[in-house]
Amino acid sequence: MNLCPTLRCCTFTVFIIFVDIIMFGISLLLYRIVNTEFLAPNPRALDTLGWKDARKIKKRGQVWRFITPVFLHASFVHLSLNLLSTIVIGTGLENGLGSWKLAILYFISSFGGILFSCVFNPLAYSVGASTAIFGLIGYYIAYLCIEWGRLGDSNPMQRFTLIIFILIILLFNIQIGVTEANVDNLGHLGGLIVGIIMGFAISENDERRDRSQSFVDFLRRSNYKNKCGIIFLFSYILVFLLIFYLLVEV
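In the numbering used here, the protein residues as written are 85 to 334.
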């Protein structure tokens with residue numbers, strides 16, 4: 085797996101970058117820019133566009149807030165750092181997985197991270213692509229576990245390189261969570277967990293498989309590891325949805 089191949093047009097990674105930039109521009113145009121950080125959208129604008137608000141999700145049925153926070157950012161610096169992470173991680177994964185698998189990994193990790201945050205930190209408002217980015221990091225962790233033996237056989241340095249890459253990206257994104265406003269570290273943790281589960285659900289020795297295969301072909305060729313990952317993924321989503329809607333007070 086190439087960790088950072090050349091960025092190409094007409095890819096999911098480029099699509100996400102484009103959407104994030106457009107949404108940031110819209111958030112700046114709504115209401116007035118606040119002076120807390122350089123080019124920081126007004127919180128009212130972020131609320132209007134769909135930041136994470138567990139109360140509105142549960143009480144008003146605004147379920148789109150499980151997804152829309154991934155397209156919103158709290159400042160220009162926040163956006164820039166997340167775009168950098170998306171380029172570095174997303175291009176490598178898209179080269180190895182293909183566009184549709186990366187899209188599924190990205191959005192399900194984001195949903196799972198926000199759901200996790202709604203359960204354990206329901207009063208926080210948050211935005212950012214970091215929940216999805218931590219899901220991509222989680223996939224790399226799962227990939228390292230699954231392909232550990234093969235990576236060592238072909239080139240022992242591959243293990244070391246991948247471990248260092250994961251640690252650098254992980255620490256970089258943890259730093260973003262510590263320094264930026266309206267960033268939810270529990271959402272990051274949830275995204276990471278879902279990304280690891282997704283790694284087992286969708287990986288299939290991707291160095292040796294056709295990237296252009298369809299979703300139907302993947303399901304037909306799925307192995308025991310994939311099926312277990314899919315079961316764990318659905319169990320995670322079901323359990324946390326039940327906890328959120330039945331037990332969490334907002």
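Treat the hints as calculated values from the structure; they're not laboratory data.
None of the values given here were measured: they were computed from a predicted structure.
Treat the hints with care, as some may be off.
Unchecked claim - Derived EDC-like pairs: lysine to aspartate or glutamate, alpha-carbon spacing no greater than 20 Å straight-line: (1) Lys140 x Glu333; (2) Lys142 x Asp131; (3) Lys309 x Glu231; (4) Lys311 x Asp237; (5) Lys142 x Asp301; (6) Lys143 x Asp131; (7) Lys143 x Asp301; (8) Lys311 x Asp301.
As the list claims (entries may be wrong) - What follows is a list of derived Cβ distance ranges for each label pair: (9) Thr132 x Ile105: 12 to 20 Å; (10) Ala187 x Ile105: 33 to 41 Å; (11) Leu168 x Ile188: 17 to 25 Å.
Cβ atoms here follow ideal geometry from the backbone N, Cα and C, with glycine treated the same way.
Hint check:
1. For the suggested pair lysine 140 and glutamate 333, the alpha carbons sit about 12 Å apart, so the restraint of at most 20 Å is met.
2. Under the criterion of a C-alpha separation no larger than 20 Å, the hint pairing lysine 142 with aspartate 131 is consistent with the structure, at around 15 Å.
3. For the hint pairing lysine 309 with glutamate 231, the CA-to-CA distance comes to about 13 Å; that is within 20 Å, so the pair holds.
4. For the suggested pair lysine 311 and aspartate 237, the alpha carbons sit about 26 Å apart, so the restraint of at most 20 Å is broken.
5. Of the supplied pair hints, the one linking lysine 142 and aspartate 301 is violated, its CA atoms being roughly 37 Å apart against a limit of 20 Å.
6. About 15 Å separates the Cα atoms of lysine 143 and aspartate 131, which keeps this hinted pair within 20 Å; it holds.
7. Only pairs whose Cα atoms come within 20 Å are accepted, and lysine 143 paired with aspartate 301 is rejected, the gap being roughly 40 Å.
8. For the proposed pair lysine 311 and aspartate 301, the alpha carbon gap of about 14 Å is at most 20 Å, so the pair holds.
9. Checked against the given bound of 12 to 20 Å, the beta carbons of threonine 132 and isoleucine 105, roughly 18 Å apart, stay inside it.
10. The hinted window of 33 to 41 Å between alanine 187 and isoleucine 105 is violated, with their beta carbons roughly 18 Å apart.
11. Checked against the hint of 17 to 25 Å, the C-beta distance between leucine 168 and isoleucine 188 comes to roughly 23 Å, which is consistent with it.
Consistency with the previously given hints fails for numbers 4, 5, 7 and 10, ordered from lowest to highest.
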